[in-house]
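Residue numbers (the working numbering), protein chains in the order written: chain A, 20 to 313; chain B, 332 to 613.
These are computed hints drawn from the structure, not numbers from a lab. It should be emphasised that the depicted structure is a prediction, and the values quoted were computed from it without experimental measurement. Heads up, a few of these hints could be off.
[As the list claims (entries may be wrong)] Just so you have them, the derived chain A footprint on chain B, three or more residues with Cβ under 8 angstroms:
1. 409 to 419
2. 460 to 467
3. 559 to 568
Ideal placement from N, C-alpha and C gives every residue a C-beta, glycine not left out.
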Amino acid sequence: MAAVEPPLTLRGDARVRRRRIVNRLAEAGATIAALAAVAVLGIVVWSIAKRGGSELSWGFLTKDLPLFGQPGGGIAPLLVGSALLVGIATAIALPVGVLIAVFLEEFASPAVRAPIQLSVDLLNGLPSIIIGVFVFGLLVYGHPQNGWAGSVGLAIVMLPLVTRATQEVLRLVPSSHREGALALGASRWRTVLGITLPSAFGGILTGTVLAVARAAGETAPLLFATSIFGRTINWNPGQALPNLPVQIFIWSESAEPEDHKRAWASALVLLIFVLVTSLTARLALARSRRKLNR
Amino acid sequence: MSEMVTMRPMRPVDVAAPREAESQTRETVFDIHALQASYGSNIAIKDVDLEIYRNLITAVIGPSGCGKSTFIRCLNRMNDEVPSFRHEGEILYHGVDLYGDGVEPVEVRRRIGMVFQKANPFPKTIYDNVAWAPRVLGLKKDLDDRVEKALQSAALWDEVKDRLKRSALSLSGGQQQRLCIARAIAIEPEVLLLDEPASALDPIATQRIEELMRELKRDYTIVIVTHNMQQAARVADRTAFFSLDAGESGRHGVLVEYDETPKIFTAPSDKRTEDYVTGRFG
Numbered sequence: 020m021a022a023v024e025p026p027l028t029l030r031g032d033a034r035v036r037r038r039r040i041v042n043r044l045a046e047a048g049a050t051i052a053a054l055a056a057v058a059v060l061g062i063v064v065w066s067i068a069k070r071g072g073s074e075l076s077w078g079f080l081t082k083d084l085p086l087f088g089q090p091g092g093g094i095a096p097l098l099v100g101s102a103l104l105v106g107i108a109t110a111i112a113l114p115v116g117v118l119i120a121v122f123l124e125e126f127a128s129p130a131v132r133a134p135i136q137l138s139v140d141l142l143n144g145l146p147s148i149i150i151g152v153f154v155f156g157l158l159v160y161g162h163p164q165n166g167w168a169g170s171v172g173l174a175i176v177m178l179p180l181v182t183r184a185t186q187e188v189l190r191l192v193p194s195s196h197r198e199g200a201l202a203l204g205a206s207r208w209r210t211v212l213g214i215t216l217p218s219a220f221g222g223i224l225t226g227t228v229l230a231v232a233r234a235a236g237e238t239a240p241l242l243f244a245t246s247i248f249g250r251t252i253n254w255n256p257g258q259a260l261p262n263l264p265v266q267i268f269i270w271s272e273s274a275e276p277e278d279h280k281r282a283w284a285s286a287l288v289l290l291i292f293v294l295v296t297s298l299t300a301r302l303a304l305a306r307s308r309r310k311l312n313r
Numbered sequence: 332m333s334e335m336v337t338m339r340p341m342r343p344v345d346v347a348a349p350r351e352a353e354s355q356t357r358e359t360v361f362d363i364h365a366l367q368a369s370y371g372s373n374i375a376i377k378d379v380d381l382e383i384y385r386n387l388i389t390a391v392i393g394p395s396g397c398g399k400s401t402f403i404r405c406l407n408r409m410n411d412e413v414p415s416f417r418h419e420g421e422i423l424y425h426g427v428d429l430y431g432d433g434v435e436p437v438e439v440r441r442r443i444g445m446v447f448q449k450a451n452p453f454p455k456t457i458y459d460n461v462a463w464a465p466r467v468l469g470l471k472k473d474l475d476d477r478v479e480k481a482l483q484s485a486a487l488w489d490e491v492k493d494r495l496k497r498s499a500l501s502l503s504g505g506q507q508q509r510l511c512i513a514r515a516i517a518i519e520p521e522v523l524l525l526d527e528p529a530s531a532l533d534p535i536a537t538q539r540i541e542e543l544m545r546e547l548k549r550d551y552t553i554v555i556v557t558h559n560m561q562q563a564a565r566v567a568d569r570t571a572f573f574s575l576d577a578g579e580s581g582r583h584g585v586l587v588e589y590d591e592t593p594k595i596f597t598a599p600s601d602k603r604t605e606d607y608v609t610g611r612f613g
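Extracted from the complex, chain A is given alone in its bound form:
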């Protein structure tokens, strides 16, 4: 019975130890990289908050832009203008983006789908300065600067984001729902309208909010379209609209230390807006996913 066996050892030889060290190193590298991402965001938020925080006040948010070289003033026209620009851009990008997504996910044959999907993805990667130049050439050149053109530029930025987000949630809608609707004698479009889109509503909303957050901070598409504006609140998109990103750019280029402070404070306002909207959108998305998967 007592066969001669070497004593059991689980300690491992040199090779096993070396593998363990390599494993540790790789793990540590990946952890550091992940922490770096958090750190970068943290440093950006912290430094902007530190420099812009002191300037921030109710007056800063509600007053007109300062006169050249004068102290005081505020960013109310920038907030109104940015809201208008992004609002119009959303009104353009949301329906078009949702329809593109519906086409790609519900109607397109695979052969048609591939090139359109590629275009959407390429549009997503398009440098925003190119969008700015394009919009300038198409809508501004030969006219005065105007808010419409800026909105179109922002809409181009938003379009692929809305499309992508909508596609993602449409894919989450169980195909059994579509089947059920079609089996009841509903047309494809009625099925999309009555069954698929309502299920995807939460995700579409979230995707749109994320796109809004992204568009609110885009500078390049506005640079040639709506960068020469007055210092008071303007509700007319037929004229150039004051807006946050471009004004931050202008102030940061200025020689005045006052302007630098205003740039930091405006940057903080923009940052808070983007962070808050992105976070709420992501929370809402997680919730609507859970609802769909249940």
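Model the placement of chain B on the given structure of chain A, informed by the hints.
Then chain B, alone, in the frame of chain A:
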């Protein structure tokens, strides 16, 4: 295959052993000739000939992969949704070719309802699940009555009448499946196609669905796909047995035998049917 050849000319009048109600002449709802259905180059079913009669329950049984679902999905053109689907042969519905020129799948499905293997209520309220299709199809008059009638026909009304505004997803599996049946009959189709409607349900819920089918038979023509032979034996008037045949182009489903249910289960004329129903294979 030879059984089918002898089957083809068989008409209601020359049924060998007349049994109670079925001795009368029956109205043919579906008349299927040489049906072949394929997905891409894959033939799913081949040479299917059969007639489906009005106000009867016709069961389609057979081993997995024999094309039962493909067959039933041809009957309301649900296969149209699969891009690679092709068919040959013809399916006459009251003499009209279902795949003929100008036939709208939407019109077909409105008359030929379908209930799926897995209950698929919409993520809406119980009421809206039933009311959705009538609304879409413009049957908005007396919608409340229509919904109530459909739910009563599906033997669900008493269980849900106090919570019509609750989500359909709050119902149990068996209730959800009956809701799907209610949803299908709310638009007053003539035929109900049931694709393994009870395979995901427990025995008690299954029994309720089977009782329901016997009730519904008075108003509807029912075709049910099931891999549960006992279920076919319990509910069906006629049973079609599909099996797999290995041809030169690969394996495909064929209709082996189609007859009165008792005959299929007690005195099948094909060896393959006998092997299957006695549990020797499948």
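Which hint numbers doesn't this structure obey? Those not satisfied come down to hint 3.
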